[in-house]
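Visitor: One letter stands for each residue in the lines below.
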Amino acid sequence: MKNTALKKEHYEATTNACKLCTPLGASLAFKGVRGAISLMHGSQGCSTYIRRYLISHFKEPIDIASSNFSEDTAIFGGGANLKKSVANVIRQYKPELVGISTTCLSETIGDDVPMILNGIRHDADGAPLPPIVHVSTPSYSGTHADGYVGAVRALVDALSIRKNHEIEPSMVNIFPGMYSPADLRYLKEILEDFAIPYRMLPDYSETLDGGPWTTYHKIPHGGTSVSEIADMASAQASIEFGYVTRKGTTAAGLLSSRFNIPAYNLGMPAGVRATDRLFDLLSELSGNLIPDRHARERERLLDSYVDGHKYLFGAKAVIYGEEDLVAGMFAFLTEIGITPILCASGGTSGKLAETLESLRPEGYDEPITVLQAADFGQIEDAALGTGADMFVGNSKGYSITRKMGIPLVRVGFPIHDRVGGPRIHHIGYRGCQELFDRVTNALLDVKQEATGVGYSYM
Amino acid sequence: MSNISILKEREKQIYHKGEEPFDMVCETKSTAGAVSQRACVFCGSRVVLYPVADALHLVHGPIGCAAYTWDIRGALSSGPELHRKSFSTDLRERQIIFGGEKQLYHALAALIDKHEPKAAFVYATCIVGIIGDDVDAVCRKVSSEKGIPVIPVHSEGFKGTKKDGYKAACDALFTLIGTGSIEGIGPNSINILGEFNIGGEAWMIEEYYKKMGVEVVSIMTGDSRVEKIKRSHGARLNVVQCSGSMLQLAQMMEKKFGIPYIRVSYFGMEDTARALYDVASHFHDNTDIMDRTKALVKEEVDKIYPDIQVFKSYLKGKRAAIYVGGAFKAFSLIKALKALGMTTILAGSQTGNSEDYEILRDMCDDGTVILDDANPLELSKYIVEKKADLFIGGVKERPVAYKMGVGFCDHNHERKTPLAGFQGMYNFAKEVYGTVKSPVWSLLKRPEDGTKTV
Ligand code: SF4
Ligand code: SF4
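Those protein sequences? They're chains C and L, same order as listed. Residue numbering for the first sequence follows numbering that gives the first Met the number 0, beginning at 0 and increasing consecutively. Residue numbering for the second sequence follows numbering that gives the first Met the number 0, beginning at 0 and increasing consecutively.
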């Protein structure tokens, strides 16, 4: 294994970050709760920038309120602003949940958010308040991926309680990663086809990819309700996806230690092998066979692998993005014969290299070059001499692929230069099929161009 | 739509034309807990300085501020493209506790060695204001070591609004102005201020001036270079576009260098023509300039007029909502829309002042809603109530319009299409026509429950 983790000297600047800040991930997770409004405790700019960034990908209205710090707030503390903000968002949005994330500013001045929230509950004096869930998201420790995981955990921590009422005994909890709305819809379809009762968190499949409206929805429809999150304390098992998430820091880990619910960590179900693991587990938990149409989807996928394999073998790909996505794409690409020549992430878990090594398929003996805590400046420097044939990652690698004259197969977040980012499938047999076709066709496109004769038959 | 109520604190920032009295409140901090469309001080500074293409722009703070502003603007450069890179000190917990000065110093020094910029701007963001780094001192040190101007931009997000960011940016530019040689600058010379070369707009405008026989010393900051900014005090007139962003710089230059300024707008045929005529009449000693300007305006208008009439015949009577950053832009847009036969039913801005809103009021018809610092709920409420066919705004407003089945025109810095000047008016009209006339809207008129079309 070659791990050029290129540990940055502490004084080097970040050039074109390959990560985003923590509250963005938290806000994304809150979008997956029914009737939730997201509130960022800090100054205006952060929430506006994060909204713009999310909107440019999802192309949906995304409201994130801010407690709008001023100079006074920064000096005297944000308690008063937060109180007023909570009151205002409740008044205007009538939410079923208020999800509060913190920005670097409120974290640095040391606002004690739980205490402020207790004050708010106390002042309400019994008047009904929606649940207010807080996740601490200082950006100077962690990335958006951590904010996402942290917010899901905070939701479960605050809301999942054993209740007396009957819950289906075979119910499972599903904690998806930062997947597309299309992925989440597909995941639900799989669960339904297995006839397995489930609670999924977050579920922004509708809130971030919905239809046109005839009246304005203050909060878009869809999402997992507060009571469904409560049910999660009574599941038979939790399934979480995340190759690099630290044990015990996740929602599934919390449910396991608090309620003894077994937690299965599968990693991103990208590629046939990883998807097989998911289907096998669902089969085991539900006691049902793999539903026929999924079995056939798998068959067609394998057939296409065979049809396309010659175009792919030995092609070199650069993969980048969140660590879990990189690991998922690594597993997928290596199983179709592509060589990931460079695997990079801005993520800071420090576990990417060992994760990829553990995913090394039998007989794959290429060195695995990993850039951890990397930025696009480093990715560019590292990629230029590799003779890479393609990049697989989000829109932000485009300036490099343009320079190198190679295709960019867009996956993950953000997709800011194409429509349809929220509709890309990444997971399961279906996602695999979609990606396989796109990857193969990207290479065919290059080949076709390179012939210079304009063959219409390849 | 009755299901959207207006927050009490916001009522005074919304005015319905025709109501008395007119006592709009503006230039305030956004209400806590509102979903403001505004950004922060840093955003204001970044917008103004961003297009300086041969300068290093280093954002001092945690990663977000830099990551979210990486290459998002359509400001073109004809040469170096250093401005399109996003540099951040990416502060981590350690520096939050022990301070980030060392980090800043080393980052700056290494970046300057690597990229050899002509100057460096160092943006201090929120956290820096809290942990108390002496950014000025670090900048001075690096500047003396590297021999280029290293200019601190005090743009801590919470210390005001976007307008304060404009001010900080003007202050930063002002430190450069007057440090270059003004040799060879002629008498009929101008600086173009407040023009950021979105989609190549500054080039089009510069071309107009060239044809008029007016020398453009610098453009601030579209496609600009440090050297040109340094000698911009040699120009005889500052031509300032846009209300907020660069007016202060023009005033500072007037005070220190005695350069007069005029305010113009390049949006719409009417305003573009007026801008060019105003500049021409400033140089009235040279009557050739006015003659050439007349010829130029005629030629340019003739080029686009027939097409505009085609667009107009369809757009006549359609209704537009405008929500933009600065109010000055709204004035031009109202006029440009009028030229297309359209009426404005909502006009608002993030940062207008009371004078601006009075002008807006006087320009609009009865019933028009005038908004300061609006949020998505208010915008959606009024575009539905007022039956808008078109919304003009930025990326954050677009989904609000689309969800409600209203056409949209992006008039922000993110766009890639030039909308200034005569050609820009054509592009604008074409875009408006295309979005309003698109057949997709007719498919949306189905009940949401999926039952049969009405
Ligand atoms: S508000 Fe402060 S931290 Fe947030 S984007 Fe603006 S400068 Fe950066
Ligand atoms: S201050 Fe922190 S939360 Fe705000 S944009 Fe910057 S990194 Fe993100």
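Simulated from the structure, these hints should not be mistaken for lab results. By construction, the Cβ of each residue, glycine as well, lies at the ideal position given by its N, Cα and C atoms. Keep in mind that a hint or two might mislead.
Heads up, simulated DSS-like pairs for lysine-lysine below, C-alpha to C-alpha not over 30 Å straight-line [said to hold, decoys possible]: (1) C:K402 to C:K217; (2) L:K101 to C:K350; (3) C:K217 to L:K293; (4) L:K436 to C:K402; (5) L:K101 to L:K117; (6) L:K28 to C:K217; (7) C:K93 to L:K7; (8) L:K311 to L:K293; (9) L:K293 to C:K58; (10) L:K11 to C:K83; (11) C:K217 to L:K311; (12) L:K84 to C:K83; (13) L:K11 to C:K402; (14) L:K302 to L:K101.
Here's a subset of chain C near chain L, in silico, CB distances under 7 Å, partners left out [said to hold, decoys possible]: (15) L19; (16) Q43; (17) N80; (18) K83; (19) Y363; (20) R429; (21) Q432; (22) V445; (23) Q447; (24) T450; (25) Y454; (26) S455; (27) M457.
Heads up, incomplete: computed chain C residues facing chain L, CB under 8 Å, no partners named [said to hold, decoys possible]: (28) Y10; (29) N15; (30) I49; (31) F278; (32) A352.
Visitor: If a hint holds in the structure, say so; if it doesn't, say that too.
Guide: Here is how each hint holds up against the structure:
no. : hint             : verdict
1   : C:K402 to C:K217 : violated, 43 Å
2   : L:K101 to C:K350 : holds, 28 Å
3   : C:K217 to L:K293 : violated, 52 Å
4   : L:K436 to C:K402 : violated, 38 Å
5   : L:K101 to L:K117 : holds, 22 Å
6   : L:K28 to C:K217  : holds, 23 Å
7   : C:K93 to L:K7    : holds, 16 Å
8   : L:K311 to L:K293 : holds, 25 Å
9   : L:K293 to C:K58  : violated, 44 Å
10  : L:K11 to C:K83   : holds, 18 Å
11  : C:K217 to L:K311 : violated, 35 Å
12  : L:K84 to C:K83   : violated, 38 Å
13  : L:K11 to C:K402  : violated, 52 Å
14  : L:K302 to L:K101 : violated, 58 Å
15  : L19              : holds, 5 Å
16  : Q43              : holds, 5 Å
17  : N80              : holds, 5 Å
18  : K83              : holds, 4 Å
19  : Y363             : violated, 33 Å
20  : R429             : violated, 24 Å
21  : Q432             : violated, 28 Å
22  : V445             : violated, 25 Å
23  : Q447             : violated, 29 Å
24  : T450             : violated, 32 Å
25  : Y454             : violated, 34 Å
26  : S455             : violated, 32 Å
27  : M457             : violated, 33 Å
28  : Y10              : holds, 3 Å
29  : N15              : holds, 5 Å
30  : I49              : holds, 7 Å
31  : F278             : violated, 31 Å
32  : A352             : violated, 20 Å
Hints 1, 3, 4, 9, 11, 12, 13, 14, 19, 20, 21, 22, 23, 24, 25, 26, 27, 31, 32 from the earlier list are contradicted by this structure; the remaining hints agree with it.
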